[in-house]
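Residue numbers (this note's numbering), protein chains in the order written: chain A, 1 to 229; chain B, 230 to 563.
Bear in mind the hints are in silico, worked out from the structure with no lab data behind them.
Below are the DSS-like pairs computed for lysine-lysine, each with C-alpha atoms no more than 25 Å apart in a straight line:
hint: 1; chain 1: A; residue 1: K202; chain 2: A; residue 2: K142
hint: 2; chain 1: A; residue 1: K168; chain 2: A; residue 2: K142
hint: 3; chain 1: B; residue 1: K484; chain 2: A; residue 2: K168
hint: 4; chain 1: B; residue 1: K478; chain 2: B; residue 2: K501
hint: 5; chain 1: A; residue 1: K173; chain 2: B; residue 2: K478
hint: 6; chain 1: A; residue 1: K173; chain 2: B; residue 2: K484
hint: 7; chain 1: B; residue 1: K501; chain 2: B; residue 2: K475
hint: 8; chain 1: B; residue 1: K501; chain 2: B; residue 2: K484
Output of the computed footprint for chain B on chain A, the stretches with three or more beta carbons under 8 Å from beta carbons of chain B:
hint: 9; region: 155-164
hint: 10; region: 167-178
hint: 11; region: 198-204
We put the CB at the ideal spot given by N, CA and C, even for glycine.
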Amino acid sequence: MIVAARKPFEEILDILGDAERILVSACNTCVTVCLVGGRREAALLASQLRIHAQEAGREIEVRESALERHCDREFLDALTEDLEWADVMLSTACGVGVNLVADVNPTRRIVPALNTTFFGATDLPGRWREMCGGCGDCVLHKTGGICPVVRCAKSILNGPCGGCQDGKCEVDKDTTCAWQDIIERLDGQGRSPELEVFEPIKDWRASHAGGRRRRIVEEVFAGDAEVSA
Amino acid sequence: MAAPAPNADGLVVGSSLERVLRAGRFAVCGEMGPPQSCNPEAIRRSAQHFLGKVDAVNLTDNQTAIVRMSSIAAAKLCIDCGLEPIIQMTCRDRNRIAMQSDLMGAAALGIRNVLCISGDHQCFGNHPEARGVYDIDSVQLVATVRGMRDRSELMNGEGTPPRPRDPSKPWANVPTPLFVGAAANPFGDPFEFRVVRLAKKIAAGADFIQTQAIYDLPRFERFMELTRDRGLHEKAFIIAGVLPVKSHKALTYMKDNVAGMSIPDELVERMKGAENAEEEGIRVCVEIIDAVRRIEGVRGVHIMPPLWERVVPEIVSRAGLLPRPTFAEPAEVR
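Work the whole structure out from these sequences, hints included.
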């Protein structure tokens, strides 16, 4: 799923500026699971805004809404009426949701309440960790299911670097070295000879380095492939 | 194009470092950190401590991710002083386009040795906000330099023509003559895998290997034993790293802050108890050099004196590594 973190309240105030009618829109999917942008967190943020305005002697109105997903056009119609009313929509969805709602409503101001951080997993209750970099050219079959592209700070494909000590990454002592994990996993599966194989230079075109990516399923797609929104 | 045949002395590039190593002499490398400014005097001054005392000197590439004068520019200043450089090239700051371009530029300026390394992560330096590149890794960089040298070929398989390409004229591609080095850290983890990675670097084409600074001799001896078991000492020249220190504080600092170092407590205590810490630091360094020289498969020593270049002549002299071989005539290669 997509994992996010809330922006500092001061920054959110700064983003909202003089807006008087604010729509806080929650998303029921990834950001609900990572406890940052679901109905509950959006309600909390709305209350914070009301209290802050009251203390500052400002008149604002805050409405709350929640969508099943912000990243799917079919759910966005529910926002139309509130968007017409609002000066600004403060989205607690991930950046994908902010982009799509803004593309669909190009005259409205849609702003993020979150910093979208990574593709990750809930590996323990209350902890999410990055697992995939979306590089577009998966190598997990060679690395025991451990992604060197994002789990290694240097994206090393023939690792580990010299900075691995006691199994930890030089960048963060609380993070295991991805290559330490890869080596142990492949050893455990009796696959250590594979670790001696040179991994050639990666073609990054499949990643963001090749520009904005898209995927089209011809049988389903009914639009014009050239139109971005 | 086939790999270039070495000349009668087995030389491919003809750098002093290559000549010393291929002649079976014990090599001595130094190391210099370029200044955090454009001041060429810093390099010229530093070079004086190494001249005639080492075969070649490493120029670090924005070491610890702190912005410094380019290693290639600093290397050219060394050449102008008569000192042979080994440029370090990290994978942190350049993508494959910039790397290959800089390798050509370095070779054009007369640089003949390159050490390919991952580089310290940008979070350790003075621009921790920077976006690291890491387009390719150090093993892949080794293979790249070998392709440019041996096949006159870029990573994409294109050749390296002598001038902007004119399809109407025939051309012979120009090789990039660089003696290729890689790093090995016998003190990083997982220990046994360190030799596997060394093997990968050598298989990718490393001619020489420089190790992390050695203080933990038993561990280095075990590393060399595993290296010999695979016959790697016969496939690349292994140069042992030593780092002289002036006080126990430097050791403690490295122990606590530098990833991938192993520093025995007895050594810290010995430095702490010394009456003259500088003298003791020199003695420790010379002892380590003596010890690594006796290990089968160690073909040279790489002295890394951080901000203490003036100690190099003393260490090299006491270790019995003088005089260094001189080469009046440039080597005839190719």
